[in-house]
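Q: So the chains spell out like this:
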Amino acid sequence: MPYLGSEDMVRELRRALSNPNVQSDHLRYRNTILKVVRAMSQGVDVSGLFSEMVKACATVDVVQKKLVYVFLCSYASLNPELSLLVINTLRKDCQDPNPMVRSLALRNMTNLRLPSLVEYVEQPLTAGLRDRAACVRRVAVLGWAKLHKLQASSDIDAAVVNELYSLLRDPDPVVMVNCLRALEEILKEEGGVAINKPIAHHLLNRLKECDVWGQCEVLKILERYRPQSEDELFDILSLLDPSLLSPHPPVMAATLSLFLSLCSGLPAASLSALERVRGPLLAACGSASREMRFTALCHIQLLLRSLPGLMGAHYKRFFCGYAEPAYIKQRKMQLLVELVNDENVALVLDELKGYCTDVNTDTAQAAISAIGRIGRSYSDRCLEILTGLLGLKQEHITSAVVQTVRDLVWVCPQCSEAVCLALEGCEETVQDSQGRQALLWLLGVYGERVSSAPYVLEVFIDGLRSEVSPGVKMELLTATMRLFLCRPAETQDMLGRLLHYCIEEETDMCVRDQALFYYRLLHCGIEETRKVLQGRRSDPSLGVLIGRPAEPVNQWARSFNTLEPLKQSAAETESTSGGSPEPVTSVPRPNTDLSLSSLSPSALEKAEEEDYVCMEEHVHCPAPPRCSPQSLQAALQLVNVQTLAFTPPQTLPWRVYLYTHTRNTHRDQPRDDTALKGFLSILATVLHTLSSERA
Amino acid sequence: SYLSTAVGQLSAPQHGDVSLLVQVLICRNYKGDVDMVEIDHFLPLLMQQEEEGLICPVMSHGNVHFLWIKHNNLYLVATTNKNSNASLVYSFLYKLVEVFTEYFKELEEESIQDNFVVVYELLDELMDFGFPQTTDSKILQEYITQEGAKLEVAKSKVPTTVTNAVSWRSEGIKYKKNEVFIDVIESINVLVNANGSVMSSDIVGSIKLKTMLSGMPELRLGLNDRVLFALTGRDKGKTVAMEDVKFHQCVRLSRFESDRTISFIPPDGESELMSYRINTHVKPLIWIESVIEKFSHSRVEIMVKAKGQFKKQSVANNVEVRVPVPSDADSPKFKTSTGHAKYVPEKNLVVWTIKSFPGGKEYLMRAHFGLPSVENDEMEGKPPITVNFEIPYFTVSGIQVRYMKIIEKSGYQALPWVRYITQSGDYQLRTNA
Numbered sequence: 001m002p003y004l005g006s007e008d009m010v011r012e013l014r015r016a017l018s019n020p021n022v023q024s025d026h027l028r029y030r031n032t033i034l035k036v037v038r039a040m041s042q043g044v045d046v047s048g049l050f051s052e053m054v055k056a057c058a059t060v061d062v063v064q065k066k067l068v069y070v071f072l073c074s075y076a077s078l079n080p081e082l083s084l085l086v087i088n089t090l091r092k093d094c095q096d097p098n099p100m101v102r103s104l105a106l107r108n109m110t111n112l113r114l115p116s117l118v119e120y121v122e123q124p125l126t127a128g129l130r131d132r133a134a135c136v137r138r139v140a141v142l143g144w145a146k147l148h149k150l151q152a153s154s155d156i157d158a159a160v161v162n163e164l165y166s167l168l169r170d171p172d173p174v175v176m177v178n179c180l181r182a183l184e185e186i187l188k189e190e191g192g193v194a195i196n197k198p199i200a201h202h203l204l205n206r207l208k209e210c211d212v213w214g215q216c217e218v219l220k221i222l223e224r225y226r227p228q229s230e231d232e233l234f235d236i237l238s239l240l241d242p243s244l245l246s247p248h249p250p251v252m253a254a255t256l257s258l259f260l261s262l263c264s265g266l267p268a269a270s271l272s273a274l275e276r277v278r279g280p281l282l283a284a285c286g287s288a289s290r291e292m293r294f295t296a297l298c299h300i301q302l303l304l305r306s307l308p309g310l311m312g313a314h315y316k317r318f319f320c321g322y323a324e325p326a327y328i329k330q331r332k333m334q335l336l337v338e339l340v341n342d343e344n345v346a347l348v349l350d351e352l353k354g355y356c357t358d359v360n361t362d363t364a365q366a367a368i369s370a371i372g373r374i375g376r377s378y379s380d381r382c383l384e385i386l387t388g389l390l391g392l393k394q395e396h397i398t399s400a401v402v403q404t405v406r407d408l409v410w411v412c413p414q415c416s417e418a419v420c421l422a423l424e425g426c427e428e429t430v431q432d433s434q435g436r437q438a439l440l441w442l443l444g445v446y447g448e449r450v451s452s453a454p455y456v457l458e459v460f461i462d463g464l465r466s467e468v469s470p471g472v473k474m475e476l477l478t479a480t481m482r483l484f485l486c487r488p489a490e491t492q493d494m495l496g497r498l499l500h501y502c503i504e505e506e507t508d509m510c511v512r513d514q515a516l517f518y519y520r521l522l523h524c525g526i527e528e529t530r531k532v533l534q535g536r537r538s539d540p541s542l543g544v545l546i547g548r549p550a551e552p553v554n555q556w557a558r559s560f561n562t563l564e565p566l567k568q569s570a571a572e573t574e575s576t577s578g579g580s581p582e583p584v585t586s587v588p589r590p591n592t593d594l595s596l597s598s599l600s601p602s603a604l605e606k607a608e609e610e611d612y613v614c615m616e617e618h619v620h621c622p623a624p625p626r627c628s629p630q631s632l633q634a635a636l637q638l639v640n641v642q643t644l645a646f647t648p649p650q651t652l653p654w655r656v657y658l659y660t661h662t663r664n665t666h667r668d669q670p671r672d673d674t675a676l677k678g679f680l681s682i683l684a685t686v687l688h689t690l691s692s693e694r695a
Numbered sequence: 001s002y003l004s005t006a007v008g009q010l011s012a013p014q015h016g017d018v019s020l021l022v023q024v025l026i027c028r029n030y031k032g033d034v035d036m037v038e039i040d041h042f043l044p045l046l047m048q049q050e051e052e053g054l055i056c057p058v059m060s061h062g063n064v065h066f067l068w069i070k071h072n073n074l075y076l077v078a079t080t081n082k083n084s085n086a087s088l089v090y091s092f093l094y095k096l097v098e099v100f101t102e103y104f105k106e107l108e109e110e111s112i113q114d115n116f117v118v119v120y121e122l123l124d125e126l127m128d129f130g131f132p133q134t135t136d137s138k139i140l141q142e143y144i145t146q147e148g149a150k151l152e153v154a155k156s157k158v159p160t161t162v163t164n165a166v167s168w169r170s171e172g173i174k175y176k177k178n179e180v181f182i183d184v185i186e187s188i189n190v191l192v193n194a195n196g197s198v199m200s201s202d203i204v205g206s207i208k209l210k211t212m213l214s215g216m217p218e219l220r221l222g223l224n225d226r227v228l229f230a231l232t233g234r235d236k237g238k239t240v241a242m243e244d245v246k247f248h249q250c251v252r253l254s255r256f257e258s259d260r261t262i263s264f265i266p267p268d269g270e271s272e273l274m275s276y277r278i279n280t281h282v283k284p285l286i287w288i289e290s291v292i293e294k295f296s297h298s299r300v301e302i303m304v305k306a307k308g309q310f311k312k313q314s315v316a317n318n319v320e321v322r323v324p325v326p327s328d329a330d331s332p333k334f335k336t337s338t339g340h341a342k343y344v345p346e347k348n349l350v351v352w353t354i355k356s357f358p359g360g361k362e363y364l365m366r367a368h369f370g371l372p373s374v375e376n377d378e379m380e381g382k383p384p385i386t387v388n389f390e391i392p393y394f395t396v397s398g399i400q401v402r403y404m405k406i407i408e409k410s411g412y413q414a415l416p417w418v419r420y421i422t423q424s425g426d427y428q429l430r431t432n433a
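Protein chains in written order, with the UniProt record's numbering: chain E, 1 to 695; chain L, 1 to 433.
To be clear, the hints were calculated from the coordinates, so they are not data collected in a lab. Among the hints, erroneous ones may be present.
[Unchecked claim] List of simulated lysine to any residue pairs, SDA-like, C-alpha gap at most 25 Å:
1) E/K55 with L/K82
2) E/K208 with L/N195
3) E/K188 with L/K82
4) L/K305 with L/S373
[What the hints assert, rightly or not] For the chain L half of the interface with chain E, some residues (derived, Cβ under 7 Å), not all of them:
5) N81
6) N83
7) F129
8) G196
9) M199
10) P284
11) W287
[Unchecked claim] Restraint ranges, calculated between C-beta atoms of paired labels, are given here:
12) L/H297 with E/E504: 27 to 37 Å
13) E/S47 with L/P44: 19 to 29 Å
14) L/P44 with E/H523: 47 to 57 Å
15) E/Q492 with L/S327: 50 to 60 Å
16) L/M47 with E/K393: 51 to 61 Å
Where is the CB? At the ideal position from N, CA and C, for every residue including glycine.
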């Protein structure tokens, strides 16, 4: 076939379509139409053939009709006037003795999506609701929903709504389910289809007739029903009980969701329902489809929030196969961390150790961080594995190990001895900025115990000019300051060079400001510096892994069986594979004992040259923002607030260390209360926005 | 209404070329909630995720979510702007694959191109306004046929099954010889650790029918008691527990629940009557011991011992032991006590094939590979050894067909044929190399 440009192609096709010889030969006619549709789905603009195609619609050949309808429905909105011509053929087809032709015509009449045609469509649709063939009624019912969507403002005839309600009793289960779907759309403004006791019971009784899709639809809609008595509630629950064990994961999930909504006042019943679905959920975890496996894993995580012991005996089900995709492996590892106990810890760690050398670096890093999480309860075993991994001298592995041990010593200070020993030599392997930041933090905090610490920092300081990451520079500043406090003789000279470079030559404002801050701090004297820099080295309260209190089911029941659990997983894996947000950069802490909601000038304010006001403020925020540290930082920078550090998102109270500048400085009045108030209100707004986004 | 905005969309990017040619093959916008141009964001998103190694079956662009699966070289993508029920959407996408595969044998770019009309017809029947409608391929095949593309048959007949009481079988089916073939197939999934302990194992079983019977026959299948007890969960710890038992919709469940009879009117042709999973500790039927020694810069020595841990009377056929080797290995040498070994460099595997492997026997294979003196810096994973096999006339669970009664009102004689096969499923043994 010669290559034709789209214009030539359209011209060629038009000639063929209007050729009487082609029109009289059914097969040639249909093939030409097929060519048009093929061109259309390849993105060629064939809208110019609209009137020729309208003519082709009048045929006895059903397949040809279908092809023409595909074309017409795609281009009708561009040719509302010409589309009027089709309506006659369509209306005639609605009278055809063949029900397939009737349903086809009815479906496409409503698929044209043209408001101007509504008046012609209503009558056939009304007739369609009473058609003797179920396949026509199915289409007609949904047709009303389409019509309503087309002109949502206009009220649909109450008679139609009534008729749809009465069709809930149609013998065909698909018609019944379609009625529910249509009424949901039409009555959206009023909160959807009304579910009273007779309708609810009718739907429950017919549940078994429906296919998987229909059952899910019915179960979803029944969530709106509230039984009037406890007896009724328990009758419904026992009717639904077999569906909890359905081999079809969507039905099982929809049933559980309905259970949880019906039992929202009966926590014990909810928990026993969770126990019931354990088998089917585990079966779904072994499903042939990896997406189904993934979905099941995500939902198991949700269930574990309320029943941490639910899967304890089945931990081996969450061991990873070699060829499984990374997103499943990472999910499984998160689950394994939750399921660790005294009996299985050796096996689980052995298994996780195998994943640390996975070819996928994200999986490897996730495995390492999973071992770190388990280390909060079983620190010796885990540290042994982690330090062993350093021997591999693999860039991404060492980096992940360093980040993991940093997080580990923050919650388990007793590990610091072993960590300090292991740190020697890591600097040669760690290349990425996250890993180096973690290494610097450890060297700063535990510098007195790592003999080579000053030499490592010196290498960093010598390479400062080629350093691109501001985060690394800021961490370096803090680490060097801290090391200076415990090993002044070895560090003094390099600290001077570092501060000089950062204040005089550095272009990043955050780095420069932090250097200035430290410079002025040093002016306040060594004791003052010590007070600010030597904050806490650890926070064992964060390390609760085992014995975490079970959440009530209602906390997550609403997000069950939606996309949410799947999306959350993505965010979580991100934070475990990338640098974890735990003990972030240095924490220049002012007086920690400042009283609540009071603005009290700190010691720093006495510094002669500049006016610093440090304060601690409690801001009420519905939920701590669950977004990544990066996006939080970015959001705050939009309003000129710089973040120094924050605690991990799950901790309560959630703390963040921030600073900003004011424009007008008055020597005598260092505290500008109005500016502070403004600052606080801006801050509160940002936090509220971030947390409501996630809620 | 979860699926109310799902748009069934198929797109096929052609990988392999450096310049990526992207082409959306078929698009159906069922509801119009999601703009058709949104699908254009799918591939860039996918590529981006692939690069970052964070690929995920749900992706979002603005308030539009893409839920996708991959089949051969095709991506099947559902787009929605609602917080939909994920498992339902994936089920539907897999249903699409199932229906298309039954129509075209193979679902791939070529079969979509070749069956353009049928694909459009099917998409129209499978979903309307974003809601799944008729998804049973047996029913669809009654009124959407590939022959429909030829003119004669296109005088579409009314499908009786759309409103029929027995929706999976139409009336008036005729065979000269009435027969039904029953296949009992069990697949063994095993994961064995490098130190030889079985980490997990299960059996996935299925009973498949090929029905060539006239009229509307009533069938009754009798299974051995041990299995029936397990099926109904009435035994207390005696036998293995069956999980995840699924029956074809034709089986009268109420009857099964009351008197454990599996009675049904079968669909015509091939169908799966039931499937089950048994999560139990099975002794791996073919046991592998391996020693893989890697001498850097010079050679790899592989020794693999395979042992048939099943009854002496049974024979495993077409046994394939696939042993991974480093990607930079060269100059292979093999020695086997039986069968023959072959190096498959493009898969970094040695495949050791044994045509017939009787129970209780033990065989040995040795392989020697050279390694280049310059070391490959790239980290390689530790792929497991995998085994494929097939053991006829044998089931691990002990399931047995006791009888198959066939009753039809015309009273014809029909023959049931039964066949048992146990085969390898996901059969992995980790190595210490």
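Q: Please go over all the hints and tell whether each is borne out by the structure.
A: Hints, one by one, checked against the model:
{"no.": "1", "hint": "E/K55 with L/K82", "verdict": "violated, 39 Å"}
{"no.": "2", "hint": "E/K208 with L/N195", "verdict": "violated, 49 Å"}
{"no.": "3", "hint": "E/K188 with L/K82", "verdict": "holds, 14 Å"}
{"no.": "4", "hint": "L/K305 with L/S373", "verdict": "violated, 29 Å"}
{"no.": "5", "hint": "N81", "verdict": "violated, 11 Å"}
{"no.": "6", "hint": "N83", "verdict": "holds, 4 Å"}
{"no.": "7", "hint": "F129", "verdict": "holds, 5 Å"}
{"no.": "8", "hint": "G196", "verdict": "violated, 13 Å"}
{"no.": "9", "hint": "M199", "verdict": "holds, 6 Å"}
{"no.": "10", "hint": "P284", "verdict": "violated, 15 Å"}
{"no.": "11", "hint": "W287", "verdict": "violated, 19 Å"}
{"no.": "12", "hint": "L/H297 with E/E504: 27 to 37 Å", "verdict": "violated, 51 Å"}
{"no.": "13", "hint": "E/S47 with L/P44: 19 to 29 Å", "verdict": "holds, 27 Å"}
{"no.": "14", "hint": "L/P44 with E/H523: 47 to 57 Å", "verdict": "holds, 53 Å"}
{"no.": "15", "hint": "E/Q492 with L/S327: 50 to 60 Å", "verdict": "holds, 52 Å"}
{"no.": "16", "hint": "L/M47 with E/K393: 51 to 61 Å", "verdict": "violated, 32 Å"}
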